[in-house]
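Enquirer: Please take these sequences and the hints and turn them into a complete structure.
Okay, here's what each chain looks like letter by letter:
2 protein chains.
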Amino acid sequence: MDKFFNPTSVVVIGASNSPFNLGATICRALNEFSPYPGKVYAVNRKGEDVHGCPGFTRVTDIPDNVDLAVVIAPSAVVPAFLEQCGEKGIRHVVIESSGFSEAGEQGKALQGKIDGIRSRYGIRVMGPNCLGVLNTENKFCCFYGIQKEDFEIFAGESGEVSYIIQSGGIVVIVLESFRTDVVKAAKIVSIGNKSDIDEADMLEYFENDPKTKVIGMYIENVTKGRKFLETARRVTKPVLVFKVGRTQEGVRAALSHTAGMANNDLIFDAACRQAGIIRVHSVAELHALPKIFTHMPPLKGPRIAVFTNSGAFGGITADLLVQSGLSMARLSPETQERLARTGQIFNVKNPIDLGPALSMQTFLEIFDILLSSGEVDGLLPVPSLWHPMVIDAVMELVKKCHEYGKPAAIYTPNAVAKTISYRSTYGVPLFESPEEAVRALAVSYRHHRACVVKEEAKRMQPHAHGMSAPSRELLEESA
Amino acid sequence: MDKFFNPTSVVVIGASNSPFNLGATICRALNEFSPYPGKVYAVNRKGEDVHGCPGFTRVTDIPDNVDLAVVIAPSAVVPAFLEQCGEKGIRHVVIESSGFSEAGEQGKALQGKIDGIRSRYGIRVMGPNCLGVLNTENKFCCFYGIQKEDFEIFAGESGEVSYIIQSGGIVVIVLESFRTDVVKAAKIVSIGNKSDIDEADMLEYFENDPKTKVIGMYIENVTKGRKFLETARRVTKPVLVFKVGRTQEGVRAALSHTAGMANNDLIFDAACRQAGIIRVHSVAELHALPKIFTHMPPLKGPRIAVFTNSGAFGGITADLLVQSGLSMARLSPETQERLARTGQIFNVKNPIDLGPALSMQTFLEIFDILLSSGEVDGLLPVPSLWHPMVIDAVMELVKKCHEYGKPAAIYTPNAVAKTISYRSTYGVPLFESPEEAVRALAVSYRHHRACVVKEEAKRMQPHAHGMSAPSRELLEESA
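Protein chains in written order, with this note's numbering: chain A, 1 to 479; chain B, 480 to 958.
Calculated directly from the structure, the hints in this document are not laboratory data.
Treat the hints with caution; some may be incorrect.
In the SDA-like style, the derived pairs of lysine to any residue whose C-alpha atoms are separated by at most 25 angstroms in a straight line are [unchecked claim]:
no.	chain 1	residue 1	chain 2	residue 2
1	B	LYS592	B	ALA559
2	B	LYS897	A	LEU266
3	B	LYS897	A	HIS281
4	B	LYS703	B	LYS567
5	B	LYS663	A	SER384
6	A	LYS418	B	GLY565
7	B	LYS897	A	SER424
Simulated DEER-style distance windows between Cβ atoms [said to hold, decoys possible]:
no.	chain 1	residue 1	chain 2	residue 2	range
8	B	SER761	A	SER424	22 to 30 angstroms
9	A	GLN147	B	GLY822	25 to 33 angstroms
10	B	SER761	A	THR236	32 to 40 angstroms
11	A	GLU456	B	VAL931	55 to 63 angstroms
12	B	GLU628	A	ALA457	52 to 60 angstroms
13	A	GLN461	B	THR904	34 to 42 angstroms
14	A	ASP61	B	LYS878	54 to 62 angstroms
15	A	ARG91	B	PHE825	50 to 58 angstroms
16	B	GLN585	A	GLY325	37 to 45 angstroms
Listed below are several chain B residues computed to face chain A (Cβ distance under 7 angstroms; list not exhaustive) [to be verified]:
no.	residue
17	GLU728
18	GLY794
19	GLU914
Each residue gets a CB set at the ideal place from its N, CA and C atoms; glycine is no exception.
Expert: In structure tokens, the structure reads:
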């Protein structure tokens, strides 16, 4: 599987110099935008070079060894090219062309054809009908249409979140969002119609990938329910899944897009709960929530302390915390007394009302009192950024969280454009709304509890990965 | 009530030249930042001028007539100043000072004192413990701490959304958000502890205010349940309400902030439904949703057509529409045939898959086919902005919507920072997520239905504004 992310040589089949040719955008990206060090070849009717990549008319004409083929030719000619890949000894192929099982009977027949060829040669296929693969570590990216500015997002350092995404449009939003966030992508795959490699294969790969700390998934259907659940149960990294098809209309719409079978959404929900993976409710959560895992210690208990100098957010966050299954930490008289001794706090009961103007010293004291108290598992700070000192205090808080091993989901009461600008400028893990901050704490806690359960199960039955009876039933239904 | 928004002369009581004096920020704003044409006086211990506003030691020393007093002195001296206002003949007073019924027994006693004085003189009081009043038409604003950059937000034209907001922190977020939105504020009041004027009074005022087209409310408690519901039932403008205190913890937190009584949240929910006002679920919705009312015709039926060139959003929006109580429009074979004849569309069933690259001509044809079909009540377009032409098409769509009297909630599949930048640059009513766009359609439809019911009720019983039995019961409980 690693050849998909770290090929030493690639051929782009269907890349030419015709106007609007999509394959050419891949050659251009790999040869001109990206510092990707591998060799890139092009295959097209005329055998012409494309953006400096040597061109051939047949895959088998390429003189050197080729690790990976990226196919973006019209669907009708894809089987012939796949055959050539087999002959050439290429065992890893990304088919980005559409026009397969998502496109009626004719497309289904074509997909059947490529299935036959890949089995015969033992080729692993990503796609068809997908956007391709991105590895931010070696800057290898075969997304068609990718622009120079996109490479700037992952030009510097490589991130820790890997994505399995069934649709190209969602990849674009995730990449755009990371431009202004503290969290960055490690690897992204768009799996499309999943004729061979599916979400379970990729989940397994990312679980074992040392660069990946968090896994995000956007899926429109689950091809093999049992395989997915069995894999998910073994995964210990946090997995965030957004799945469409919560309603019959959503299922219908998704079917016309990436051609899967309809799944019962309730079964999927139950499977996620059982496997300890986290279902998220929007595309935005897929890129907004991972930073609670990459930038903060885990939340190991439900008791949250809120502190704010915008009184309204005391009530707003209390509502949200309770509704999300967390709780407002009860502070003991001793802790309240310690807070009161700072002399600058309006209300020392949780939610703590900081009053309008706190010194840096008082901020630091509050952090220590709360994080060391034993009455608080995590923090939800809502400080107004009325003075540059407050951002310094927030940065100190991030350090203290790691010191005490307890997380903070920080929200500053600003319009989202301002929050994004603060986050970019200062590199602090700010959430964009109180809803998002609370949700981050909730998913951190849920993942922690799932890990505890998985550890426990392993300790009790070191060799079994058996399923309980109810889950078997669920899976028979979804099979 | 109009004197609060259009005073010809104002005195700021407690404004001085001491460092960090909050009253001074009001004098500075009115005399230096704002083109507000009225006279502004200051009252302080030394009788000194503040930012060019003539200073006096007593309110009664001011030689001219004064329409409005803004009090921001320490709570202990507020009763004495209110007495002076009464003597001077001032009948409209904004008390911004805190330290009243939200602050224990002593504060409650002080609030009782000011109640006595205002009754004796017939003074109308806004507050105490509030941020004050903003009128974007004459640029009158007595928010303490307001900065020059905030005046730029409403410097040009005045908007159409008025807000009743119990907490100052929320005012700041709304103003910041409007900096990058197509919708702007008309008037904002922060009502604080509501010792006299409450949300019902303001609701009535904004219903009759010709500048106000949409009303937004942030409240932590309802003081007089029956009065609020009776007023809300008479209101025909769209009202969006965000109320904290959905949980017991939220109620507890809100009580320590603006001192109200606990209300049963279920009763409030039922009251909103009965009065046809819309409960929103976040502060963000308070400023994001009004543009569906100010920039689009009302949604008069539930049937929505989705069109997108990012296939994933077909499924995502179908799920969201169905979950919100709207429906995917069923397109007749004739309409599908007309769409197919454009020759550029991938899938003519709703959700319509536009394929990667449409001409302006095809966009315009699609708008006409859908809006004229009689099978569609509103649109949910999710066009990728891959070319500047698409933004032109979106601007044409806004015009077509008004022509056909049907709304579109437009979302472009981008990260939020990019969406905000497009919206600011081109002035088109873009929503920031598919969730927000669907929610906008849902609230538009809900308001339309409420209006139909209110019209019907009026027609049946022109003189009655009576309540049905169940609602009476609800109100007795909440009283």
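Enquirer: Now, for every hint given, state plainly whether the structure supports it.
Expert: Hint by hint, here is what the structure shows:
no.	hint	verdict
1	B:LYS592 - B:ALA559	holds, 10 angstroms
2	B:LYS897 - A:LEU266	violated, 35 angstroms
3	B:LYS897 - A:HIS281	holds, 21 angstroms
4	B:LYS703 - B:LYS567	violated, 31 angstroms
5	B:LYS663 - A:SER384	holds, 23 angstroms
6	A:LYS418 - B:GLY565	violated, 43 angstroms
7	B:LYS897 - A:SER424	holds, 14 angstroms
8	B:SER761 - A:SER424: 22 to 30 angstroms	holds, 23 angstroms
9	A:GLN147 - B:GLY822: 25 to 33 angstroms	holds, 28 angstroms
10	B:SER761 - A:THR236: 32 to 40 angstroms	holds, 33 angstroms
11	A:GLU456 - B:VAL931: 55 to 63 angstroms	holds, 57 angstroms
12	B:GLU628 - A:ALA457: 52 to 60 angstroms	holds, 56 angstroms
13	A:GLN461 - B:THR904: 34 to 42 angstroms	violated, 60 angstroms
14	A:ASP61 - B:LYS878: 54 to 62 angstroms	holds, 55 angstroms
15	A:ARG91 - B:PHE825: 50 to 58 angstroms	violated, 33 angstroms
16	B:GLN585 - A:GLY325: 37 to 45 angstroms	holds, 39 angstroms
17	GLU728	holds, 4 angstroms
18	GLY794	holds, 4 angstroms
19	GLU914	holds, 6 angstroms
Of the numbered hints stated above, those contradicted by the structure are hints 2, 4, 6, 13, 15, listed in ascending order.
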